[in-house]
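Participant: Listed here are the chains, written in short residue letters.
Protein chains: 2
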Amino acid sequence: MPNPTASMLVIGDEILSGRTRDSNMHYLAQHLTKVGIDLKEVRVVLDITEDIVDSVQILSKRYDYVFTSGGIGPTHDDITTDAIGMAFGVKVEIDKEARAILEKNYQGKGLELNESRLRMARIPCGAILINNSVSAAPGYNIFNVFVMAGVPSVFQAMFDSVLPSLLAGTPIQSRTLTVMRGEGEIALKLAKFAKKNQNVSFGSYPFQLDSEYGTNIVIRGVDPVTLDGLCAALLDQLLKENHES
Amino acid sequence: MPNPTASMLVIGDEILSGRTRDSNMHYLAQHLTKVGIDLKEVRVVLDITEDIVDSVQILSKRYDYVFTSGGIGPTHDDITTDAIGMAFGVKVEIDKEARAILEKNYQGKGLELNESRLRMARIPCGAILINNSVSAAPGYNIFNVFVMAGVPSVFQAMFDSVLPSLLAGTPIQSRTLTVMRGEGEIALKLAKFAKKNQNVSFGSYPFQLDSEYGTNIVIRGVDPVTLDGLCAALLDQLLKENHES
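Heads up: the protein sequence lines correspond to chains A and B, in order.
Residues in the first sequence are numbered consecutively from 1, following our numbering.
Residues in the second sequence are numbered consecutively from 1001, following our numbering.
You may find that some hints are simply not true.
[What the hints assert, rightly or not] DSS-like mimics (lysine-lysine), calculated; alpha carbons at most 27 Å apart, straight line:
1. B:Lys1096 / A:Lys96
2. A:Lys189 / B:Lys1061
3. B:Lys1061 / A:Lys104
4. B:Lys1091 / A:Lys195
5. B:Lys1061 / A:Lys40
6. B:Lys1040 / B:Lys1196
7. A:Lys189 / B:Lys1096
8. B:Lys1192 / A:Lys109
9. B:Lys1192 / A:Lys91
10. B:Lys1189 / A:Lys109
11. A:Lys61 / A:Lys34
12. A:Lys192 / B:Lys1091
13. A:Lys109 / A:Lys91
14. B:Lys1034 / B:Lys1195
15. A:Lys61 / B:Lys1104
16. B:Lys1061 / B:Lys1034
17. B:Lys1040 / A:Lys61
18. B:Lys1189 / B:Lys1240
19. A:Lys189 / B:Lys1240
20. A:Lys40 / B:Lys1034
21. A:Lys109 / B:Lys1109
22. A:Lys34 / A:Lys104
23. B:Lys1109 / A:Lys192
24. B:Lys1195 / A:Lys91
25. A:Lys240 / B:Lys1109
These are computed hints drawn from the structure, not numbers from a lab.
Quick caveat, the model's predicted, so the values are computed rather than measured.
Isolated chain A, as found in the complex (with noise of 0.2 Å):
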């Protein structure tokens, strides 16, 4: 059975504009590449609700699933949860647990759980909270989207939160063979060898050591024992003569 797939839609003015760094793409792709979930692709979008409909219909249907962040607290620019619900045709309404989540955090902190903060318990009609072990406030599972804040230690617990009710696939696991010598002298054998071992892929990436370029190999795949002995006799091939013809 193929992996199951993914993607996902950040939303943010403030990543497209340079202000901050996503670093939340990075964090989804290595967890789900642990799990053997494949990310297939990420959309970043501005914080304009057609756009957001847009990308969550594509995605929803093009993926198993859908990872968000970004969008999600209490100011007037917070405009995801609204999006989820055109784009599934479903009802935004406050939602009891949500609200008894927050009136517990606040009252603790010995705040009100004012207009705007209540605005972070409207929930799409049906959708299954996601725990926040950081502020609280809570994310929400619905259909295959999972909406989530982008508060980088937010959306961290959140997703971490959700991992275990995923259905996880064979874990890809990678080999790296690390050569000193450019991508243009060892392009032809790697093609050549690439070629024979369809089971597996082949990634070059070319790095540069003071003047020195070097090339990292990796080789990515289900068993580890075939890419072991891949590793081997790919450093082999390229180790017979120094230069291809």
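Using the hints, position chain B against chain A.
Facilitator: This is chain B only, laid out in the frame that chain A set:
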């Protein structure tokens, strides 16, 4: 006249597998913002021809500029150029100028322009080369698409060399007002203030410092004097009472 719009297409398995953290998006976002070109959307896709073709076609129709990163090296997994050719129905051939650049570069290093390296001279017909001051192999511009390398130092050099040729807009400036209050406490006042001042945009970004909650309010617009005035007026509003009702 509204600012020119832009999008970015990041091409690369290594970003989506979590192996590499992308940095080109942040660089592009910052530098486009400085010259008044509005980055509206970013997509990250795998090294899959069909996905690249689809994304390029959609983004190049929707935005004034498209910037791509990744997949133009000499190895078998570098498929961007063929995908770009397919996206525009244009032949890909060895470009004389690109070949001359590569010949000169490799001769100077005592290296051979072998079959693999020559792949980097394959350019869609009609494209204009983009200078690569780091490692010689050029990027290129075809229609409104700028095809650049994924290695950050090379991406940045290529972008810097095309920047003067882009149609600039009116740079969006920003002022950040940092208040040591949670978003929920200031949200209502901020929303009212934002509604009254729709010629600029107001973003609200929560943060936590030790156990204190704070908010960065970012006001964005084209006129520095307006921004300074609004910044002062908003601060005044927020100081009037400690809590919104």
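Participant: Given the hinted pair lysine 109 of chain A and lysine 91 of chain A, is their Cα-Cα distance within 27 Å?
Facilitator: Cα-Cα ~31 Å, so violated.
Participant: Can you confirm whether the C-alpha distance between lysine 1061 of chain B and lysine 104 of chain A stays at or below 27 Å?
Facilitator: violated, 50 Å
Participant: Starting from lysine 189 of chain A, check that the Cα of lysine 1096 of chain B is at most 27 Å away, please.
Facilitator: holds, 26 Å
Participant: With a cut-off of 27 Å on the C-alpha distance, tell me whether lysine 61 of chain A and lysine 34 of chain A pass.
Facilitator: holds, 24 Å
Participant: Quickly compare the C-alpha distance for lysine 1061 of chain B and lysine 1034 of chain B to 27 Å and report which way the hint goes.
Facilitator: holds, 24 Å
Participant: Going straight from one Cα to the other, do lysine 240 of chain A and lysine 1109 of chain B come out at no more than 27 Å?
Facilitator: OK: lysine 240 of chain A and lysine 1109 of chain B at ~22 Å, within 27 Å.
Participant: Compare the distance between the alpha carbons of lysine 189 of chain A and lysine 1240 of chain B with 27 Å, and conclude whether the hinted pair is satisfied.
Facilitator: Not satisfied, since the Cα-Cα distance of roughly 71 Å exceeds 27 Å.
Participant: For the pair we were handed, lysine 1189 of chain B and lysine 1240 of chain B, check the Cα-Cα distance against 27 Å.
Facilitator: holds, 10 Å
Participant: Has the given pair, lysine 1061 of chain B with lysine 40 of chain A, been kept, meaning a C-alpha gap of at most 27 Å?
Facilitator: Answer holds: lysine 1061 of chain B to lysine 40 of chain A is near 23 Å, not above 27 Å.
Participant: Given the hint that lysine 1109 of chain B pairs with lysine 192 of chain A, test it: the Cα-Cα distance must not exceed 27 Å.
Facilitator: holds, 26 Å
Participant: Is the hinted pair lysine 1091 of chain B and lysine 195 of chain A satisfied, with a Cα-Cα distance of at most 27 Å?
Facilitator: Judged against 27 Å, a Cα distance of about 25 Å means the pair holds.
Participant: Given the proposed pairing of lysine 1040 of chain B with lysine 1196 of chain B, does the C-alpha separation stay at or below 27 Å?
Facilitator: holds, 25 Å
Against the hints set out earlier in the document, violations occur for numbers 1, 2, 3, 13, 15, 19, 20, 21, 22.
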